[in-house]
Amino acid sequence: TSNEPEAAAAPTQQTAAVGGTDNDQPGTRVVMGFSAPAADHGWIAAIAKNAEAQAKQYADVEFKPVEPTNDINQQISAVETLIQAKVDVLVLLPNDGEQLNQVARKAMDAGIPVVNLDRVFPDKLSYRTWVGGDNYGMGVAAGHYIGKKLKDKGVADPVILEIQGIATLPLTQDRSKGFADALKSYGFSVTAQQDAKFTVESGTQVAGNLLQAHKKIDAIWNHDDDQGIGVLAAIKEAGRDEFFMVGGAGSANAMRDIQSGSGVLEATVTYSPTMASSAVKLARLIAQGKGMSDLVENQVPQSITLASETVTKENVQAYLPLGFES
Amino acid sequence: MTLLVRVREARHLGLVVALLLLAAVGLITSPDTFGTSSNLVSILALASTIGVITVGMTFVIIGGGIDLSVGAVMALASVWATTLATQSYGPVVMAVCAVLVGTGAGLVGGFLISYGRMVPFIVTLAMLVAARGLAQRMSDRKTQLIQPENSAIVELSTTRVLGLPLLVYIFALVVVVGWLVLNRTTFGRRTYAVGGNPEAARLAGIDVRRHTMMLYALSGLCCGIAAIIIMARTTTGSSTHGDLYELDAIAAVIIGGTLLTGGRGTIIGSILGLLIFTLITNLFILNGLNTSDQLIAKGLIIVIAVLLQRRGLESRT
Amino acid sequence: MTLLVRVREARHLGLVVALLLLAAVGLITSPDTFGTSSNLVSILALASTIGVITVGMTFVIIGGGIDLSVGAVMALASVWATTLATQSYGPVVMAVCAVLVGTGAGLVGGFLISYGRMVPFIVTLAMLVAARGLAQRMSDRKTQLIQPENSAIVELSTTRVLGLPLLVYIFALVVVVGWLVLNRTTFGRRTYAVGGNPEAARLAGIDVRRHTMMLYALSGLCCGIAAIIIMARTTTGSSTHGDLYELDAIAAVIIGGTLLTGGRGTIIGSILGLLIFTLITNLFILNGLNTSDQLIAKGLIIVIAVLLQRRGLESRT
Amino acid sequence: MSELLVMRGIVKQFPGVRALDGVDLDVRAGEVHCLLGQNGAGKSTLIKILAGVHQPDEGTITLGGEQVRFSGPVAAIRSGISTIYQELDLVDGLTIAENVFLGHEHARLGFTRRGEMNRAAAELLGRLGHGELRPATEVGRLPAAAKQVVSMARALSHRARLIVMDEPSAALAHDEVANLFRVVRELTGQGVAVVYISHRLEEIREIGDRVTVLKDGRTAAVGLPARETPTATVVSLMTGRNVEYVFPPRPEPGSHDGRPEVLRAEGLTLPGRFADVTLTVREGEIVGLAGLVGSGRSEIVETIYGARRPSAGRVLLDREPVRPGSTVRAVRLGMGLAPEERKSQALLMNETVGRNITIAGLGTFARLGWIDRRRERAEAARLVKALELRPPDPDRPVRTLSGGNQQKAVLGRWLTRHGDGVRSRRLLLLDEPTRGVDVGARAELYALIRRLADEGIGVLLVSSEVPEVLGLADRVLVLRDGTVIHESDARDLDEARVLDMIMEGSAL
Ligand SMILES: Nc1ncnc2c1ncn2[C@@H]1O[C@H](COP(=O)(O)OP(=O)(O)OP(=O)(O)O)[C@@H](O)[C@H]1O
Ligand SMILES: Nc1ncnc2c1ncn2[C@@H]1O[C@H](COP(=O)(O)OP(=O)(O)OP(=O)(O)O)[C@@H](O)[C@H]1O
Ligand SMILES: [Mg+2]
Ligand SMILES: [Mg+2]
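Protein chains in written order, with our numbering: chain B, 2 to 327; chain E, 5 to 321; chain W, 5 to 321; chain D, 153 to 660.
Think of the hints as simulated: they come from the structure by calculation, not from any bench.
Take every hint as true, because none was put in to throw you off.
List of simulated lysine-lysine pairs, DSS-like, C-alpha gap at most 27 Å:
no.	chain 1	residue 1	chain 2	residue 2
1	W	K146	B	K107
2	B	K87	B	K107
3	B	K65	B	K87
4	B	K185	B	K149
5	B	K178	B	K217
6	W	K146	B	K178
7	B	K217	B	K152
8	B	K125	W	K146
9	B	K125	B	K107
10	B	K291	B	K65
11	B	K150	B	K217
12	W	K146	B	K185
Sequences are here, hints too, so could you generate the full structure?
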């Protein structure tokens, strides 16, 4: 939410971290192509913004973003255009890793290293490095938080609801699987599952109906803090508070809610868009043939998975600066 | 007169039957949740956003046009009304702002259509695209929360009178006023003429262009009101609000028996059509169907509802 | 004869001017990339999926209907053709499967519309919803990769003849055949009659119902062909393919001068309309505009293109 | 009497056509001024200028001594001119009352006063002799004749000083025309002037005071006395030549007796419309159906053609039973129908004249669905010439043709010559084939129909003009309330007897 006055200027400084090593000294010039899905959603918008902000930190990087789109066909064309323009390195967040695989491979074959962000290409020859979050791990984290808490309370046969993002995305399916697996270790399972569309409004609508379907709820996991605003609004509208809720992604807004402790939102599991900043940094290093200064290796590693962390009232202070404004 | 009433009834009979059938399914499959008053309230609250838009859309379609921009205009209005600048003037100004933005967007589109003589489909498509873009720019693609001091807006959704949230009353008011305007005023009756036979309307001395423009302004106005409702329900303004509302609203209007070619249709039909859609979604979620099955079932139900409605229509001849 | 030709030219003049203007903008803003042959190839490849669909849509709209299901039917066809079961029969069966699924879905919709006498908007909306649901079920919401042994399909996108990928030839072939059918055969001529005045067409001895059904089958067929192209481009079948293609295709057809009320229109206009859209996207890609500004600009460009086209239309009277 | 309206030197140019080329018109208060002219002479265009629909390129209009210029229909209505247009201009979705008062509703603060409007409309309908029409009925559900009545009520609702009627009788039957004339006389009695356009010359003689004749967009004669001027003079002024307003000679009575039956309809029944209709048409024979509007003639013809499905009875073409309810079969077997409402039932308004003509016989210009465009164009050109369409250009959009010329194009559709292997027309069903067709063209059409019959085609003719049925047909069937009440050779009947038969006991 942009209207928190104190946070208005935050995004750039929070994510475009400039470390103190010589890797940040100007090097050879790098033309960096960037393609991501349409920024019609807070998390993706944060990705685009972080990438751009990070690139701006470097005088030696020429950042070339192309039209973000949710149409695979168009994203393929966009990447083709970047290949034609002979950029030095590509940062790609594909709409669907499998569908963009061929064109990513084409880029690699043309000698352009691809930094694969978030949604992974199935073919290892299609990217030089992958940076992304752990969707399965995210589900696991949420599952453990909910499972443990209910177990401690001694609730038998709890009603656990899950509100997914876009159901057709592989990442959604990974998250759900992790969630179910973690719950299983406590002997619990998901009572009902519905998908919203990552938007506030569909969050309201789906939650509004779900709350009617279940008169007594013990816990809700909502995959995405952006749509979570809508979910919370629906909960408020229905006047319900007998349960607790866990969010996903880790928006600043959700963290502030957790901090205030006034609502049902108790925790959120992170899936941070800061990975875009990291990807840009890595892409630059790859293009310049450098390694990561904290590692002994001469080159950037092949894959980097961010851990999904659980933010609760106890540790929220530490995470707030990393929360993205949805 | 009685004949007319009978015809009207028959016209909606199929829809009413479809609605009752769905309700019966609800009562059977979810006996303890479906029929509860809180579920019915929730259905009405859900229906109210698109409901308000559907009223405006009914006018536009009867008048021979189409408005694809409704969802985007609603989003723009919600964003404009929740910028920090607007919010600093308090909830009344926010509401007025939403309504003005909606009406303004409608006027612009209507002007291009009537005086620029451009096809409504294209103009409102362009408006859709541009309004979403503008909303994104304005909000910097962020979700704008309503500040605590303006919670009067949110209370439209949380405050209840006689068990119903205030926004349901807004919805009802829009429907009633829309019905009155369409059926009891010269503006409404002329809308049928403008849509059914624009040349005849012109020959009868009606200012077809001005009238057309007003229809789109009216639709925009409804989007503005819908923006207030969505702000109340989600506690936010966002450029993502109202995605694909145009399809839902048009489908409701057409299931309700309004001709896409204009000149014929009713508000009641549109609202019944919309309630059918809302009920379908509610039933699915109560029964925990997954989205894929929901979609398949929805397709089938739409076809069945229309078949039922056609029977109703035919029985009158 | 010459009069007729002149009318046709004038009809598309505005579109051609709009296209040239866009090209000029491209050459100015991205002098070293826009004009390259590889960029032009990329534009054509991008246009070919919706392009094929647009041809079918032009028939349907001239015939007085509308088809909202195109994107979903394409997705369903792509999914069906890439199931492991289908893939085990090799690439030819996969292609045939896509075409059959598309045509079949079109036939079902067309049957409901013509013999069930239901409104096209609603039937194809129901088909959209149901086909997406079915595609999701069938693929279990997963993206289905084309197996290496069936890479002949993928080669449609990677193999080039005279510098152009094979799929661009498919696109061109569909356009040419579509043009011939519409302008040189009894089927095409009757399509204009059926859309322009169905009652008159019936009384002139045309089987309006069967013809209408065939139009939707034709549109479905085009969706099947488009499915092959999208499979080649993405190397996958997926229930998410073709999202909102219906809007783009309808918009292209209407910008091209086809009347939404039927009875009038041209394939060339539709293709020009589509190329305008594709060119806009390409320009944005090359110039790296941010999405919000793109959307706003797109809205404006659409309006300008239509204004130009209207000038062209008027100049002939 | 003073001149109420003076139009001088009116010029109107349409793209490619000079529709009016210096027309004068003087109309006095309290007179019925008839406007005559061939199809396409410019009558409708002239009155559209008077009604403010078109703006003249040149010329002046003086109304009540003041020069006026109408920027739109509203301005003309305000000046006291109201118009009944040739093409019906009603809104189907509204009620009769709402149509009558469209644009000048009884309203307070924007809210319509429906009771008041319904009462006022009922009064106007009663004045027109149609008290049975309910003001709250939706206009879309009315038959063409009733719509014409609504149009008239609308014209009366303005309390105009000049009422223009563009072929108001074209959709009316005999008795309805009498009603119309009563109203016209009532109006002129109150000092209202009426400009009256019709192609039926006997009507002019009955109701008209003075006549202005248009020819090719110019005034051929001004202010002729309507009753005294000989018909031959009027016709030759209109056409520029002498037209025998007579019917072509017919074959001897009984000469068809031995010839095979092209059509046989047995016991056709459509509940509520017609019952147990049996009729035959032999090769080379013209059979006429006479009856009031609403007696079910159109329905019978449409049922034979397969456009409606009968509840009982069957249709035989050349002794073969025809599958009911399929116009496709009917056309394939050799039937052709010229329907009564050309605009809604026959014409493809977006298309050219040529394409309108060839659409029904498209298959004969095509091989495997591929159209031989040379042959198609040649045939269209031949028919445009043969039917004397004005202008004689097959590439003109049919929309821009005058009403009568559009009618010729509809007929032309069934006259295309058929190529090898395709059966040519065996039976033509002509429903009001001369509606809106001028005298000259009418004589040609009559000759054409007779010629087709002589070539062996059977013709079933429906016309609301009794003399036409009697003059053209060999045999006549008289209908009342959906049943055949009389059948005989046309020569054995006269107009008075037919009218007697069809009116007797009629509700109308
Ligand atoms: N809108 C138009 N565009 C082009 N040409 C037109 C238009 N309206 C009329 N015309 C032409 O003007 C001429 C006069 O037409 P008009 O309709 O006035 O004839 P009319 O005397 O009323 O004939 P009819 O007796 O057949 O009704 C015709 O040649 C017609 O084709
Ligand atoms: N003036 C009228 N008022 C009310 N109903 C009418 C009127 N004229 C016709 N009808 C209705 O329309 C039906 C058929 O009318 P239709 O015009 O087809 O008859 P028709 O004998 O073919 O006359 P025509 O050949 O002049 O059109 C009748 O059954 C009657 O109920
Ligand atoms: Mg005329
Ligand atoms: Mg008739």
